[in-house]
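When you get a sec, could you build the whole thing from the sequences and use the hints?
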Amino acid sequence: MTTADQIVPIDGEEGIVSARQLARDVARTLGFGTVDQSRIATAVSELARNVVHYATEGRGEVRIRQFTVDGGGAGIEVVVADAGPGIADVDEVLQRGFTSGAGLGMGLPATRRLMDEMEIDTALGRGTTITVRKWRR
Amino acid sequence: MARVPIVRVGPVLISTLLSGLLDQEVLQLQEELMDSIEQSGARGVLLDISTVETVDTFLGRLLADIAAGARLMGAHTVVVGLQPAVAVTLVEMGLEFKAVHVALNAEKGWALLRRLLAP
Amino acid sequence: MAEQAMPAQRAVTIEEQRRTIDELETPVLQVWDSVLALPIVGSLDTARAQRMTEALLEAISSTGSDVVILDITGVPVVDTATAKHLLETVSAAKLMGAEVMLVGIVTRTALTLVHLDIDLSSVITRTTMAKGMELAFARLGLEVVRRAGSGPAHPASDGGGPL
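Which chain is which? The protein sequence lines are A, B and C, in order. FYI, in the numbering used here the residues of the first sequence are 1 to 137. FYI, in the numbering used here the residues of the second sequence are 138 to 256. FYI, in the numbering used here the residues of the third sequence are 257 to 419.
Keep in mind the hints are simulated off the structure, nothing from the lab. Hints may contain errors.
[Said to hold, decoys possible] Selected chain A positions facing chain B (Cβ under 10 Å, derived; list incomplete):
hint : residue
1    : T3
2    : Q6
3    : G12
4    : V17
5    : D36
6    : Q37
7    : V44
8    : S45
9    : R113
10   : L114
11   : D116
12   : R126
13   : G127
This structure is a prediction, so every number in the text was calculated from the model and none was measured. Glycine included, every Cβ here is placed at the ideal spot set by N, Cα and C.
Now the structure itself:
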């Protein structure tokens, strides 16, 4: 069973805070514990920030979906999409850890570690859509 | 002026970060802290993040940068009040706080600074 | 309407059950003012390690403890995965301002860790809980001294000095 998507448009830095706050609230409603709420909020923060920094005009959209599963489980799915330049080398970006020098890492390895599932759909010139999910037993 | 005030107590600068700070507000805080250290000759910085619910790689790295910059100007930085959920998340992300001192709360942070600043 | 209420109720029950399991399997003991001990018995999978870490951090927060002693005497096999979980628990506890010690490293464990080339250089380690306590006391500026003429006869001690 799913409920309606909740959407947070990203158009500047404020979107990072709004998106992660909404994700945290939805996670709490779904019964995720405080640490999972933190993992989810932090992952959304990373993804939303990438939109602000790398997407065209820093614009994109965060879509949050809730799932409830027969047997009492629940899940949260967050889809972060932008119409930016796209990621040239996904593998390279997933390897990239935190750079001690200049240059913002994209925080994707960190995001993957925090969430249960992550899918990246991207192509040069076509934008990027990253989907992450976390399940609660 | 940043939304986050910087208070000076003796040789220590104290700043309590709020939850939901925008990136530019955090960067502004960094700049003002650096300026304050330079102007006041402060030897210690206490950053209270006990009300900060989310510490992502941006804020994490910024805290580390503040500590590094402060160190170059002769000041020790202690970050206090990491929420348990935040601590677990930071570790799982692989973000290390190598050059940053941490303490459970402001009281312990003070005690630590006193030890660090002792001649 | 009843169907919509069910998931929320279930969520609460699941949370309660989880808390009960936590309390039973990962007892965090306050062994001294400011010192917490966490005796780990059995194997550590990811889920259990996470529950253990959360319980420990909550305890550090609520008791304001400065020292944490993780005792792995009761962990049968310390492999790469277990070591990774332990290191994460150690790192998280350190972020809460605590000094962390890992005790219960017996010969077999030490050999395994060396063989697996696991780097525990960032952690203070000792063989027994007693040694961990000794170090904890030292860190807190405390000393255990035998009062002259009291306690069971101890041929090895002559009435003074730490544990």
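Results for each hint:
no.	hint	in the structure
1	T3	24 Å, violated
2	Q6	18 Å, violated
3	G12	9 Å, holds
4	V17	5 Å, holds
5	D36	8 Å, holds
6	Q37	7 Å, holds
7	V44	9 Å, holds
8	S45	4 Å, holds
9	R113	6 Å, holds
10	L114	6 Å, holds
11	D116	13 Å, violated
12	R126	26 Å, violated
13	G127	22 Å, violated
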